[in-house]
Amino acid sequence: MTGEDFSILLLTLRVAAVSTVVILPLGIAAGWALSRGGGPVRHAVETVLALPLVLPPTAVGLLLLQLVRPGGFLGRLLDRAGVELLFTWKAVALATAVMSFPLLVRPVRAAFAEVDPRLLGVARSLGHGPFAVFRRVALPLAWRGILAGTMLAFSRALGEFGATILVAGNIPGRTQTLALAIFHRTQIGQDGAALRLVGVVVAIAFLAILVTETLERRRARPSGAPA
Amino acid sequence: MMGPSGAGKTSLLEALAGLRRASGRIEVSGERLLDSAAGIDLPAEKRRIGYVPQDSLLFPHLTAEENVRFGLAKRGPAAARLFDEAVGILEIRDLLARYPATLSGGERQRVALARALATRPRLLLLDEPLAALDVALRERILPYLLRVRDEMRIPFLYVTHNAGEALLLARAVLLLRDGRVLGSGPPSDVLAAHRVEAVDPGASFDNIFDGLLEKKSDEDGVGRLVTPRGADLLVPLDPSFPLGRAVFSVAPEDVLLSVRPLDGVSARNVFEGVVAGIDRFPSDAIVHVTAAGLPWRAHLTAGSVRELALAAGRRVWIAVKTQAFRRLR
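Order-wise, the sequence lines are chains A and B.
Numbering of the first sequence is given in our numbering, commencing with residue 1 and proceeding in unit increments.
Numbering of the second sequence is given in our numbering, commencing with residue 1001 and proceeding in unit increments.
Worth double-checking, as some hints may not be accurate.
Label-pair restraints from in silico Cβ distances [to be verified]: (1) A:G39 - B:A1037: 25 to 35 Å; (2) B:I1040 - A:D116: 26 to 36 Å; (3) B:P1186 - A:A33: 46 to 56 Å; (4) A:A33 - B:G1105: 30 to 40 Å; (5) B:G1105 - A:L74: 51 to 61 Å; (6) A:G39 - B:G1008: 21 to 31 Å; (7) B:G1105 - A:I209: 49 to 59 Å; (8) B:A1132 - A:L55: 32 to 42 Å; (9) B:G1030 - A:R76: 55 to 65 Å; (10) A:R118 - B:P1186: 48 to 58 Å; (11) A:V211 - B:S1104: 28 to 38 Å; (12) B:G1030 - A:D116: 27 to 37 Å.
Footprint (simulated), chain A over chain B, 3 or more residues, beta carbon under 8 Å [what the hints assert, rightly or not]: (13) 1010-1024; (14) 1162-1172.
Derived contacts from chain A toward chain B, CB cut-off under 8 Å, selection only [claimed, not checked]: (15) A113; (16) V115; (17) R118; (18) L119; (19) G121; (20) V122; (21) R124; (22) S125; (23) H128; (24) V137; (25) P140; (26) L141.
If you are wondering where the hints come from, they were derived from the structure by calculation, not from laboratory data.
Quick caveat: nothing in here was measured; it's all calculated off a predicted structure.
Every residue gets a Cβ at the ideal spot worked out from N, C-alpha and C, and that includes glycine.
Put together the whole structure using the sequences plus the hints.
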């Protein structure tokens, strides 16, 4: 691996980590709300949240660009706050966050929906308020789904391409992540250098799966069947 | 609280516990928990009402100990004392390190009871806590419930289909059907007035006898239960149980009926009586007999009732083996 490969890897990991950490609390909150609520509002929210899954990523990227460009709805707010976003690593994180959010919310929502509401009722009757019940009962019982969702979101963030290239461009050393660099190197005929990065991606994916499975196995023991 | 499925028993419990939206007024020992007119609706965590459902609902990710401690403060002498008392009364010290998945049904119910008791609720709601257990286990857990009632002095509202449990545990019975109160008052009165079998086809009816247990001097292993209003009954005597106040049950299946005087049978409890009434079901029947001053229920097939030509007012003899009596306390 060259020094350039290494800095691309670091940038990609940093962006994916920041994006995942930022959306994790939001995804847990959204998954919880969707698992408890019902009716037309929930369906509408779920549909909107699922859009990034079905739209072409470039379409989402263009919509995001309209929002955050100077003079756009969010762009003006960012300008006033003095935050430079477009064509920086923050823009990459924004694109990956939006694209990976639905992948986080779905398993989280499913996991919370599996938690028996009567169990939460018993916890309330033992003197704990809604937040304590959420933290001490719902969250630990749904951890598997939360872990799976986090893993999915992180992987999606690592490989995001379409939305990223529209909001952040493909600037080596600034916004060029692994996925963008593989594309770029293939375009300029450096297939060998591109394949090196593919190797890096495969290694990361392998590690991510390994870590997830190890975590699952370690936490699975206590609540499982007779040992 | 008794009544057929769908009568609203569980809904009532959940409304009391604050786990279900309700309107109206709920007051427990002078404190208003719900008063729709006054805009009062205490959340479940402020009501101090313990809830033990039929399926225990232990937290599967916590050990038995963590389950019992769930409603207690993290540390402090008061928490330690409440924990020790609940664990002691329900005798679950040996189970504390285990997870719910590794506990038997009866063990789970004891842990669930301890968990509710540890918070010192002012009222305990028990939703068919023994229904999922077999008869032997049920009889082992009943004494724990009696200790909760008599030693901890926590009042409870107990849902059951078992009239024997109601007679044993309750000072008052509330009979529900279709969301309405059909009757309430002392258990024997309500059960006699309403024929709960007719109201609740799922109800099961053990014969329950309450009295003073004495040693029968000439025979080992057999005791005499002196009932206040009726004849003495010969019951098994287990040396590990104390004499004195005792409650025994007999399943209606173990009460034999004859339309002729019984002579030369091995059963030791043989009495002459009169059929007080019959509850007929498609394939079987519960025959109510008054004999030796005591009310008995005998479970017969529809065919037997027909062949014996049983009807209210008919003279009959009943026979019950000593070993058919099981001691409840």
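(request) Go through the numbered hints given earlier and state which of them the structure violates, listing their numbers in rising order. (result) Hint check: 7, 8, 10, 14, 15 and 16 fail, others pass.
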